[in-house]
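*Asks:* Chains R and C are the protein sequences, given in the same order. In this text, residue positions in the first sequence follow my numbering: the first is 14, and each later residue adds one. In this text, residue positions in the second sequence follow my numbering: the first is 274, and each later residue adds one.
None of these hints come from the bench; they were simulated from the model. It cannot be assumed that every hint is accurate.
Restraint-style ranges between C-beta atoms, simulated for each label pair [to be verified]:
1. C:A462 - R:N93: 46 to 54 Å
2. C:G384 - R:W23: 47 to 55 Å
3. R:V34 - C:A363: 48 to 56 Å
4. R:T38 - C:V376: 25 to 33 Å
5. C:V376 - R:S50: 42 to 50 Å
6. R:R79 - C:D412: 29 to 37 Å
7. C:H366 - R:G120: 41 to 49 Å
By construction, the Cβ of each residue, glycine as well, lies at the ideal position given by its N, Cα and C atoms.
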Amino acid sequence: MTRLTFGLEWRLAIARPRLFVLNATIPLLLVIPIALSGAPTPHASAVYAVMFVLFGTFGSAIPLVRDSERGMVTRIGRTNIGAVPYLLGRTLAGTTIDAVQLAPALGIVLAISQGEPEAKALAVPVLLAVLAVTNLLGVWVAALARSLAEAALFSAVSGLMLLHASGAFRTPVSGSVGASLEAASPYRALHEILLSVGGAPVWQGGYQLLVWVSVLTLITVASAPRLMSTLASTRHR
Amino acid sequence: MDLHLKTGEIVALLGPNGAGKSTLLRLLASDLQAAEGSIETTSRTDGSADTTFADDESVHFDALSGIDNAVFFARAAGLPADKARADAEALLHRFGLSGDLDVRVSEYSFGMRRKLLLAEVLAAPAELIALDEPTVGLDPQGRDALAAALKSKADEGDLIVLATNDLEFATRVATRVVFLNRGTVVADAAPDELLASVAGVTRFEIALRRSLEAPVDPPQGVRLMSMGERLVLETDSGTAVLPAVCEMLLKAGAEVTSIDVREPGLAEVFNRLTGDTLAP
Chain R
14 MTRLTFGLEW
24 RLAIARPRLF
34 VLNATIPLLL
44 VIPIALSGAP
54 TPHASAVYAV
64 MFVLFGTFGS
74 AIPLVRDSER
84 GMVTRIGRTN
94 IGAVPYLLGR
104 TLAGTTIDAV
114 QLAPALGIVL
124 AISQGEPEAK
134 ALAVPVLLAV
144 LAVTNLLGVW
154 VAALARSLAE
164 AALFSAVSGL
174 MLLHASGAFR
184 TPVSGSVGAS
194 LEAASPYRAL
204 HEILLSVGGA
214 PVWQGGYQLL
224 VWVSVLTLIT
234 VASAPRLMST
244 LASTRHR
Chain C
274 MDLHLKTGEI
284 VALLGPNGAG
294 KSTLLRLLAS
304 DLQAAEGSIE
314 TTSRTDGSAD
324 TTFADDESVH
334 FDALSGIDNA
344 VFFARAAGLP
354 ADKARADAEA
364 LLHRFGLSGD
374 LDVRVSEYSF
384 GMRRKLLLAE
394 VLAAPAELIA
404 LDEPTVGLDP
414 QGRDALAAAL
424 KSKADEGDLI
434 VLATNDLEFA
444 TRVATRVVFL
454 NRGTVVADAA
464 PDELLASVAG
474 VTRFEIALRR
484 SLEAPVDPPQ
494 GVRLMSMGER
504 LVLETDSGTA
514 VLPAVCEMLL
524 KAGAEVTSID
534 VREPGLAEVF
544 NRLTGDTLAP
């Protein structure tokens, strides 16, 4: 059933080619002027990180709230698909669709930046893992939200707060609470790899990102029936 | 409320708006949890009765075609890909959608979306099929297809429960009628048994331009059922009393806009049982 949901989400994405192309083009239009402008690496990497994170979180939360509001989650809940395969299938599909749509933008960043080839090669799996985190967080954001407006607000706030904690906007003082938060932040790896790609090698490894992917997946699986029930009730709230 | 529903039945839940028909369906479909009381199910198979439910809204994946939607929901119900497609195509053909299989659902009319929903629900293997207002938006062909499909499902041993205000359809397909009023069961019997209680009765429904100022004295053998701008009379003497009824109206100075002579149906049964009106 996870495969069925995964296939459905891809079919829905491909069935709307204009939206699909727009989703690939808009990040590209944002990235090209920054990449060609010679913007300092810390500034450019911060913009890229914001774009990748918000793209993933919004792209997961907003359609899920929309489906909840129109009763589709309730309908899915009446089938034999099950909460876990539905949410996992949707998250997997969302992650891969986001990756394909962001590939041109990431390609431009990698092509124009000055970093080492090793850093550039590592950027692809790091972005995939980050998109998995954003898509999983998007499910939780959708469950907390009671409307599309709330979903947009929560997506932005959660994404920007976690990016701030990851050090994307400032470097925390060593030994401070901020430094501890940075060490545990899911987007630290993204921030570091984008800096490294830009020629400022600070990559310290992505173990915390893998921990976030694993823990968020486990929590989402464990809470899937409750999440589905909450999402289905969005229709009546 | 205490109901015992058996497999192979087509049960029509009838009653005015707010009677509890849709709530009962949603409870049966596990969309709602009962605040008190319980619903117990026994199964032909593994002890849990699978339920499929079509509510009064048609929710689909609008960007996909009708056949893609139907196949998805059939597979989501557990059917293998080949059978899902074959069953979905057969049901869509039955509902007259063969020519629109590959058309996007966003281009479907309201009635076509209702037919698609019913095809999706009926394609799912289930022991309990719950349908809320299934005939809304259906053309005569769709009603015929639905009636045939429900009878076929019931013959296979499925239990079908439908909530409807369509008394003609309920009379046509139901093997059992449950009248609900304000959350309680007021009658529970086969349609023929219920109709037998009003057999031989003829009803005159007379629409007036304005209500009569004074009460009327009905002719002998005629019962006055309700007053107002819609005068309702009943008799056991058939249409033979119609001239006397017309004379009564003339004497009363009534301005008649129409006279409807009706054989009594389930609406009259409900009216007799509760004193309330059910949509004809």
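*Asks:* Hints first: check each against the structure and report whether it holds.
*Replies:* Going down the list of hints, with the structure as the test:
no.: 1; hint: C:A462 - R:N93: 46 to 54 Å; verdict: 35 Å, violated
no.: 2; hint: C:G384 - R:W23: 47 to 55 Å; verdict: 30 Å, violated
no.: 3; hint: R:V34 - C:A363: 48 to 56 Å; verdict: 37 Å, violated
no.: 4; hint: R:T38 - C:V376: 25 to 33 Å; verdict: 28 Å, holds
no.: 5; hint: C:V376 - R:S50: 42 to 50 Å; verdict: 47 Å, holds
no.: 6; hint: R:R79 - C:D412: 29 to 37 Å; verdict: 31 Å, holds
no.: 7; hint: C:H366 - R:G120: 41 to 49 Å; verdict: 47 Å, holds
Violated hints, in rising order: 1, 2 and 3; the structure is consistent with all others.
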